[in-house]
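Taken in order, these protein sequences are the chains called U and V. FYI, numbering that gives the first Met the number 0 numbers position 10 of the first sequence as 9, with every residue one higher than the one before it. FYI, numbering that gives the first Met the number 0 numbers position 811 of the second sequence as 810, with every residue one higher than the one before it.
Derived from the structure by calculation, the hints contain no laboratory data. Any given hint could be a false lead.
To be verified - Now the stretches of chain U that chain V is said to cover, found in silico as 3 or more residues with beta-carbon under 8 Å: (1) 10 to 17; (2) 26 to 38.
Claimed, not checked - On the chain V side, residues computed to face chain U include the following (Cβ under 7 Å): (3) A207; (4) H222; (5) D227; (6) V233; (7) L282; (8) L285; (9) Y366; (10) L369; (11) W371.
Unchecked claim - Derived Cβ-Cβ restraints for the label pairs, each shown as a range: (12) V/E147 - U/A36: 38 to 46 Å; (13) U/A36 - V/L494: 44 to 52 Å; (14) U/A36 - V/S3: 28 to 36 Å; (15) V/R506 - U/A30: 46 to 54 Å; (16) U/V47 - V/E570: 57 to 65 Å; (17) V/I191 - U/M39: 43 to 51 Å.
The model shown is predicted, which means the values in this text are computed figures rather than measured ones. We treat Cβ as the ideally placed atom computed from N, Cα and C, and that holds for glycine.
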Amino acid sequence: MNAQRAILIALLGALLFLSPLVIWIAYLSPAWWWPFAAWMLFIVAIAVLTRRERRDP
Amino acid sequence: MTLSLGLLYTAGVAYLALLFGIAFLADRVPRVGRLSANGWVFSLSLGVYATSWTFYGNLGFLADQGYLYLTIYLGVTLAFAATPWLLRPILRLTREQQLTSLADLFAFRYRSRFTGPVVALFMLAGVLPYIALQIKAVAESAAVLTAETPPHLLALTFSATIALFAILFGARHIAPREKHAGLVLAIAFESIVKLVAILGIAAVALYAVFGGLDGLNDWLAEHPEAVDALYAPVREGGWFAMMILAFAAAFLLPRQFHMLFTENINPQALNTAAWAFPAFLLLLNLPMPVLYWAGEAAGLDISPHYYAIGIAGLLESPSLALLVFIGGLSAASAMMIVTTLALAHMGTNYLSPLTRLHDEERSANLYTRLLWGRRIWVVFIIGLGYAFYGLLQVVEGLAQLGLISFAAVAQLLPGLIGLMLWKQATRVGFLLGLAAGITGWTFTLVMPLLSDAGIAVGLPDPQHLLRAGMLDPWTFALMLSLGINAFLFVLGSLLTRPNREEAEAGRACCPNESTGAGSGLPLAGDVAEMETALAATLGPGAARHEVQRALDDLGLPRHTRSRGDLRHLRERIERNLSGLLGPVLARMIVDQHLRLDAAGRHTLSESLRRIEEQLETRSLPLSGLAAELDALRRFHRQILHELPLGVASLTNTGEITGWNQALARLTDVATEDAVGQNIRQLNSPWSGLLTAFLESPDRQWYKLNVDLPAGNRRLNLHRSELQDAQGHVEGRVVLIEDVTERAQLESEIAHGDRLASIGRFAAGVAHEIGNPLTGIASLAQTLPLEDDPDEIRGIADDILAQTRRINAIVQSLITFAHADEGPSAGHFETIALDELVGEAIRLTRLAGRKDLQFSTTGLEGLHVRGSHATLLQVFINLLTNAEQASPEASTVGIAARLHGRHIQVTIDDAGPGIDESSLERLFEPFFTTKPAGQGTGLGLPVAYSIVRDHGGTLIAANRPEGGARFLLTLPRQDS
Numbered sequence: 000m001n002a003q004r005a006i007l008i009a010l011l012g013a014l015l016f017l018s019p020l021v022i023w024i025a026y027l028s029p030a031w032w033w034p035f036a037a038w039m040l041f042i043v044a045i046a047v048l049t050r051r052e053r054r055d056p
Numbered sequence: 000m001t002l003s004l005g006l007l008y009t010a011g012v013a014y015l016a017l018l019f020g021i022a023f024l025a026d027r028v029p030r031v032g033r034l035s036a037n038g039w040v041f042s043l044s045l046g047v048y049a050t051s052w053t054f055y056g057n058l059g060f061l062a063d064q065g066y067l068y069l070t071i072y073l074g075v076t077l078a079f080a081a082t083p084w085l086l087r088p089i090l091r092l093t094r095e096q097q098l099t100s101l102a103d104l105f106a107f108r109y110r111s112r113f114t115g116p117v118v119a120l121f122m123l124a125g126v127l128p129y130i131a132l133q134i135k136a137v138a139e140s141a142a143v144l145t146a147e148t149p150p151h152l153l154a155l156t157f158s159a160t161i162a163l164f165a166i167l168f169g170a171r172h173i174a175p176r177e178k179h180a181g182l183v184l185a186i187a188f189e190s191i192v193k194l195v196a197i198l199g200i201a202a203v204a205l206y207a208v209f210g211g212l213d214g215l216n217d218w219l220a221e222h223p224e225a226v227d228a229l230y231a232p233v234r235e236g237g238w239f240a241m242m243i244l245a246f247a248a249a250f251l252l253p254r255q256f257h258m259l260f261t262e263n264i265n266p267q268a269l270n271t272a273a274w275a276f277p278a279f280l281l282l283l284n285l286p287m288p289v290l291y292w293a294g295e296a297a298g299l300d301i302s303p304h305y306y307a308i309g310i311a312g313l314l315e316s317p318s319l320a321l322l323v324f325i326g327g328l329s330a331a332s333a334m335m336i337v338t339t340l341a342l343a344h345m346g347t348n349y350l351s352p353l354t355r356l357h358d359e360e361r362s363a364n365l366y367t368r369l370l371w372g373r374r375i376w377v378v379f380i381i382g383l384g385y386a387f388y389g390l391l392q393v394v395e396g397l398a399q400l401g402l403i404s405f406a407a408v409a410q411l412l413p414g415l416i417g418l419m420l421w422k423q424a425t426r427v428g429f430l431l432g433l434a435a436g437i438t439g440w441t442f443t444l445v446m447p448l449l450s451d452a453g454i455a456v457g458l459p460d461p462q463h464l465l466r467a468g469m470l471d472p473w474t475f476a477l478m479l480s481l482g483i484n485a486f487l488f489v490l491g492s493l494l495t496r497p498n499r500e501e502a503e504a505g506r507a508c509c510p511n512e513s514t515g516a517g518s519g520l521p522l523a524g525d526v527a528e529m530e531t532a533l534a535a536t537l538g539p540g541a542a543r544h545e546v547q548r549a550l551d552d553l554g555l556p557r558h559t560r561s562r563g564d565l566r567h568l569r570e571r572i573e574r575n576l577s578g579l580l581g582p583v584l585a586r587m588i589v590d591q592h593l594r595l596d597a598a599g600r601h602t603l604s605e606s607l608r609r610i611e612e613q614l615e616t617r618s619l620p621l622s623g624l625a626a627e628l629d630a631l632r633r634f635h636r637q638i639l640h641e642l643p644l645g646v647a648s649l650t651n652t653g654e655i656t657g658w659n660q661a662l663a664r665l666t667d668v669a670t671e672d673a674v675g676q677n678i679r680q681l682n683s684p685w686s687g688l689l690t691a692f693l694e695s696p697d698r699q700w701y702k703l704n705v706d707l708p709a710g711n712r713r714l715n716l717h718r719s720e721l722q723d724a725q726g727h728v729e730g731r732v733v734l735i736e737d738v739t740e741r742a743q744l745e746s747e748i749a750h751g752d753r754l755a756s757i758g759r760f761a762a763g764v765a766h767e768i769g770n771p772l773t774g775i776a777s778l779a780q781t782l783p784l785e786d787d788p789d790e791i792r793g794i795a796d797d798i799l800a801q802t803r804r805i806n807a808i809v810q811s812l813i814t815f816a817h818a819d820e821g822p823s824a825g826h827f828e829t830i831a832l833d834e835l836v837g838e839a840i841r842l843t844r845l846a847g848r849k850d851l852q853f854s855t856t857g858l859e860g861l862h863v864r865g866s867h868a869t870l871l872q873v874f875i876n877l878l879t880n881a882e883q884a885s886p887e888a889s890t891v892g893i894a895a896r897l898h899g900r901h902i903q904v905t906i907d908d909a910g911p912g913i914d915e916s917s918l919e920r921l922f923e924p925f926f927t928t929k930p931a932g933q934g935t936g937l938g939l940p941v942a943y944s945i946v947r948d949h950g951g952t953l954i955a956a957n958r959p960e961g962g963a964r965f966l967l968t969l970p971r972q973d974s
C-alpha cells in the first residue's frame with residue numbers, strides 16, 4: 000500500500016472510530032447494527048485499497 | 000439439562016488430540032504444511048486473539064459496558080489497517096534479525112543486559128491474569144454445564160493437559176527459525192471452530208428465542224431501552240482508552256506477536272490478514288448482541304458470560320451445549336498454548352541460568368538444553384497461571400482480567416514507537432519509562448485487583464487518592480501509567496546518548512536508515528576455524544550445525560576463504576543464534592569466539608561495498624533525497640560497470656571489491672565470482688599478473704603481452720590508490736586496457752612510416768655506399784701494381800675499412816627495417832643514449848642534407864630502458880623533422896640531462912618555428928604542414944605513440960630565440 004492509501008485508511012479509521020463522531024452517534028442511538036456497518040465499511044475500504052495495490056504494476 | 004464432567008473431559012481431550020493430529024500432519028506432510036503460508040490460514044491463525052474472553056466474556060462485558068466491548072476489536076482493526084507502516088516494518092525487522100519474541104525485539108534495539116529480562120518478566124506478570132482468565136472460563140463453563148461448583152479438579156486437569164499439548168505443539172523439537180507450520184494450521188482450525196460455535200449458537204438463539212429476525216426486531220421495538228443500553232456506556236467515556244489498549248494488544252500481546260511475526264512463513268500473507276483478520280473478528284462479534292438479548296428475553300438465571308451455554312440448556316440440547324463448550328475450550332486452549340510458548344521462549348533466553356552459557360558444561364548439547372528449558376518453562380508458566388486462577392476466583396469479570404493484561408503490554412508502546420522511528424532513543428530512556436509504566440500499572444490496576452480479591456485488603460484506591468474519580472478506571476490507568484512511561488522514555492533518551500551497539504541497532508530498526516558499515520573482518524581464516532571457535536560454547540555438534548545452516552542460508556561453499564564471505568557468515572551465524580538464544584546472547588557468543596580484526600575497522604572500499612549490498616537488499620523503497628542519492632549512485636556505478644576499460648577495485652589485503660563488465664569479458668571471470676575473492680585466488684594468468692603488477696613499483700605497464708585462451712592480447716595496466724579523507728590508503732584501483740587492436744594499427748602505421756623512411760634513405764644509401772665502393776675499386780686497381788708488402792697490407796686495411804663502413808650502413812638499415820614489433824615491457828632493454836642518437840644521426844644523414852651539423856651535449860653515460868628499434872625510429876623521425884625545417888648550413892642541437900627519474904632530451908632546430916594552430920595538431924596522424932605529396936603526416940604521431948608506450952612524454956614548442964624545440968622525456972635506467 001503506498002503512502003497516500005495508507006494515509007487515507009488512517010484518516011478514515013480515525014474519523015470512524017477515534018473522533019467525537021463516535022460519541023455523537025452514541026447519543027443518536029441509531030439501530031443496533033450501525034457500529035457493525037461502520038466496521039464493515041472500514042474493512043471493505045482496507046480490502047479494496049490492498050487489492051488495488053496488488054494489481055498496480 | 001446437565002452433562003457429566005467425564006463427558007466434558009473426554010470431549011475436551013479428544014478435541015485437543017484432533018488439533019494435535021492436524022499439527023502433526025502439517026509437520027509431516029509438506030503439502031499440508033504449506034497451507035500455513037496461505038493468507039487465509041495465516042489470518043485465521045491470528046484468531047488466537049479471540050480467547051474465552053471473546054467467547055464467554057464478551058457477553059458479560061456487553062451486559063456491563065454495552066458497545067464499549069467493540070473497542071477490543073476495533074482497536075485491532077485499526078492496528079491492522081496500519082499494516083504498511085506498523086506491522087510490515089516490524090515483520091521485516093524480526094525476519095531480518097531473527098527476533099522471535101518481544102524480549103528479543105526490545106533487547107535487540109535497547110542493548111542492555113537488563114532489557115530482555117525486564118521485558119520477559121513484565122510480560123510474564125502481565126499475562127498471568129489472562130491465563131488465569133482462560134482457566135476460570137473453562138472451569139466455570141464446565142460448572143454451568145455440570146451444575147456443580149467450579150470443578151477445581153477439572154481446572155487442574157485442563158491446565159496439565161494444555162501444558163502437555165503446548166509441549167507437543169511447540170517444544171517437541173527445536174525448529175531452526177521457530178516456524179511451526181503445524182501450530183499455525185491447528186490455531187487456524189481452532190478459529191474456525193470458535194466461529195462456527197458462536198455463529199451456530201447465535202442462529203439457534205435467534206430462531207429458538209425470537210423466531211427469526213422479524214421476531215428480534217419486534218422484541219427490540221417493544222424494548223427500546225435494550226439498544227440504548229448498548230450506546231449509553233459509550234457516551235460515558237472509556238472508548239478512546241480501550242481503543243488504545245486494544246490497538247497495542249493487537250501486536251504486542253505475546254501470543255499475537257508470536258503468530259504475527261515469529262510464526263509468519265509468508266510475508267505476503269500479511270496483506271490478506273490486513274482486512275481478513277478484522278473481518279473474522281467482525282463475524283465473531285456480530286452475533287453477540289443477539290445472543291445477549293436472547294439470554295435476556297429467555298430470562299436465563301445465570302451470569303451473562305455463559306448465556307450461550309444457557310441457551311443450549313434451555314433447548315435441552317446436549318450436542319449444542321457440547322459445541323459451545325468445545326468452542327470455549329478451543330478459544331482458551333489456543334490462547335494458552337501460544338502464549339505459553341511465546342513466554343517460554345522469553346523465559347528460556349532471558350530468565351533462566353541458560354543465559355550464562357560459558358559457565359555451563361560445555362559438552363552439553365545446546366539444543367537439548369534449550370528444548371528442556373522450554374518444556375520446564377511451559378509447565379512453570381501454566382502452573383503460575385493456575386495459581387493465579389486460584390487466588391483470583393472472586394473476581395467476577397473476565398474482561399477485567401483481560402484488560403489488565405492489555406494495559407501491561409501497552410506499556411511497551413513508547414519503546415516500540417522509539418524503536419521504529421527514533422534512532423536516538425536509548426536503553427536508559429526505555430528502561431526508565433518501562434519501570435515507571437510498570438509502577439503505574441501496578442498502582443492503578445493490580446493493587447485494586449488484589450484488594451478486590453481480598454489478598455491485599457486495605458490498599459488505598461488510587462483514583463480516590465489522586466482525586467480522579469470522574470475518570471473511568473481504564474482512562475485513569477492508561478493516562479497515568481502510559482503518560483509517565485512515555486514522558487520518562489523521551490526524557491531519559493534526551494539526557495543520554497546511544498552507545499555504538501544501540502546506534503547500530505537504531506539504524507537497523509528505522510526503515511530509512513542505512514545500517515552502517517559494520518565494524519571489521521573476522522580474524523578466523525576459514526570456515527573450519529570459525530566452527531572450532533564456536534564449539535567452545537555451543538558444543539561441537541551444535542557449532543557444526545549452526546555453521547552449516549548459515550552456509551546453506553548464504554549459498555556459500557564450505558571451502559571459502561574470502562574474508563568478505565567469512566564476514567557474511569559471521570553475521571548470519573549471529574542472526575541464526577539470535578533466533579535461538581536472543582540477540583544479546585548471540586552477540587556475546589559471536590563477539591567472544593568469532594573476533595574481528597585488531598584494527599576493528601573496514602577499509603573504505605569494503606564499507607562502500609557493504610552499504611551497496613544493504614541498499615540492494617533493502618525491502619523498503621527510499622524516498623526524498625535518499626532516493627535521489629541512490630539513483631545517482633546507481634548511475635555512477637552503471638557508468639563504471641559499462642566502461643569499456645576493465646576496472647577492478649581491491650582492498651589493501653587484495654580482496655576484490657569491484658569487477659566491471661569489461662574486465663569480466665576480458666578475464667572470463669564473472670563479476671559475482673570475482674567480487675569477494677582475493678586476487679591470489681583468481682585463475683592463471685590473472686592471479687600472477689595482477690599480483691606482480693601490484694607488487695611492482697611501476698604504476699603503469701604498457702603493451703604487455705599476455706597469453707590468454709582466446710589468443711595473445713596486448714594490455715596496458717594502470718594502478719592508483721584509494722585514500723580516505725585523512726589520507727590513509729584504503730585500497731587500490733587497477734585499470735586494464737586491452738590495446739591489442741590499437742597496437743596492431745600503430746604497428747602498421749609505424750611500418751608504413753618506416754617504409755617511407757627507407758624510400759628516402761635509398762638515394763643516400765646509394766651515395767654512401769657508392770663512395771666506399773669507388774674507393775675500394777680504386778684501391779683494387781692499384782693493388783696489382785704494388786710490390787711492397789707494407790703498401791699491399793695498407794691497401795688491404797683500407798679496403799676492409801671501407802667494407803666495414805658499408806656493412807655498418809647496411810646493418811643500420813636492416814635493424815630499422817625489421818623493427819616491426821611495437822614496444823612491450825617484456826622486450827625492453829637497456830640502451831646507451833649516445834649510441835642510440837649517434838645511430839639515428841648516421842641514418843638521417845644517409846637520406847638527408849649534407850650541409851647540416853648535428854651537435855650533441857650531455858648524452859654520454861645516460862641510459863634509457865626501452866625497445867631499441869622503436870626508439871631509434873623516434874629519434875630518426877625527430878631529427879628528420881628538424882633537418883627539413885632547418886636553413887642551410889645550420890646546426891641541429893641534441894642535448895640531454897637528468898631530471899629526477901627521467902631523462903630529458905631536447906632537439907632544437909634553427910628553422911622558422913611552428914605556428915600556434917599547428918602546435919595543437921602536430922601529433923595527430925596525417926597532419927602535415929608540408930606541401931601535398933612531400934609528407935605523410937605519420938612521423939611525429941608515430942614518435943609520440945612510441946614515447947607514450949615507453950612511459951615518456953613528447954612535447955613540441957617554439958624557442959624564444961627562434962626555431963622549434965622537441966622535448967622528449969624517457970624513464971631513466973640506471974646503468
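Results for each hint:
Given a C-beta distance limit of less than 8 Å, the hint that chain V covers the region 10 to 17 of chain U holds, as 3 residues qualify and 3 suffice. Here the region 26 to 38 of chain U counts 7 residues with a CB under 8 Å from a CB of chain V, which clears the bar of 3, and the coverage holds. Taking 7 Å as the C-beta contact cut-off toward chain U, the hint placing V/A207 at the interface is violated, the least distance being around 19 Å. Here the hint on V/H222 is broken, as its CB sits about 11 Å from the closest CB of chain U, past 7 Å.
Checking V/D227 against chain U: minimum C-beta separation of about 5 Å stays under 7 Å; hint holds. Taking 7 Å as the C-beta cut-off, the interface hint given for V/V233 holds, the closest approach to chain U being about 4 Å. Look at V/L282: its Cβ only gets to about 10 Å from chain U, farther than 7 Å, so that hint breaks. Contact between V/L285 and chain U, as hinted, is supported at the beta carbon level, the nearest pair being about 6 Å apart and thus within 7 Å.
Given the 7 Å rule on beta carbons, the hint for V/Y366 is violated: about 40 Å separates it from the nearest Cβ of chain U. Annotation: interface hint on V/L369 violated; nearest CB of chain U at approximately 38 Å, more than 7 Å. With a cut of 7 Å, the hint placing V/W371 at the interface with chain U is violated, because the nearest CB-to-CB distance is about 43 Å. With their beta carbons about 42 Å apart, V/E147 and U/A36 fall inside the hinted range of 38 to 46 Å.
For the pair U/A36 and V/L494, the beta carbons lie near 49 Å from each other, so the given range of 44 to 52 Å is met. At roughly 43 Å, the beta-carbon separation of U/A36 and V/S3 lies outside the given 28 to 36 Å, and the hint is violated. As the Cβ distance of V/R506 to U/A30 is approximately 52 Å, the hint placing it in 46 to 54 Å holds. For the pair U/V47 and V/E570, the beta carbons lie near 41 Å from each other, so the given range of 57 to 65 Å is not met.
A hinted range of 43 to 51 Å for the beta carbons of V/I191 and U/M39 is inconsistent with their spacing of about 20 Å.
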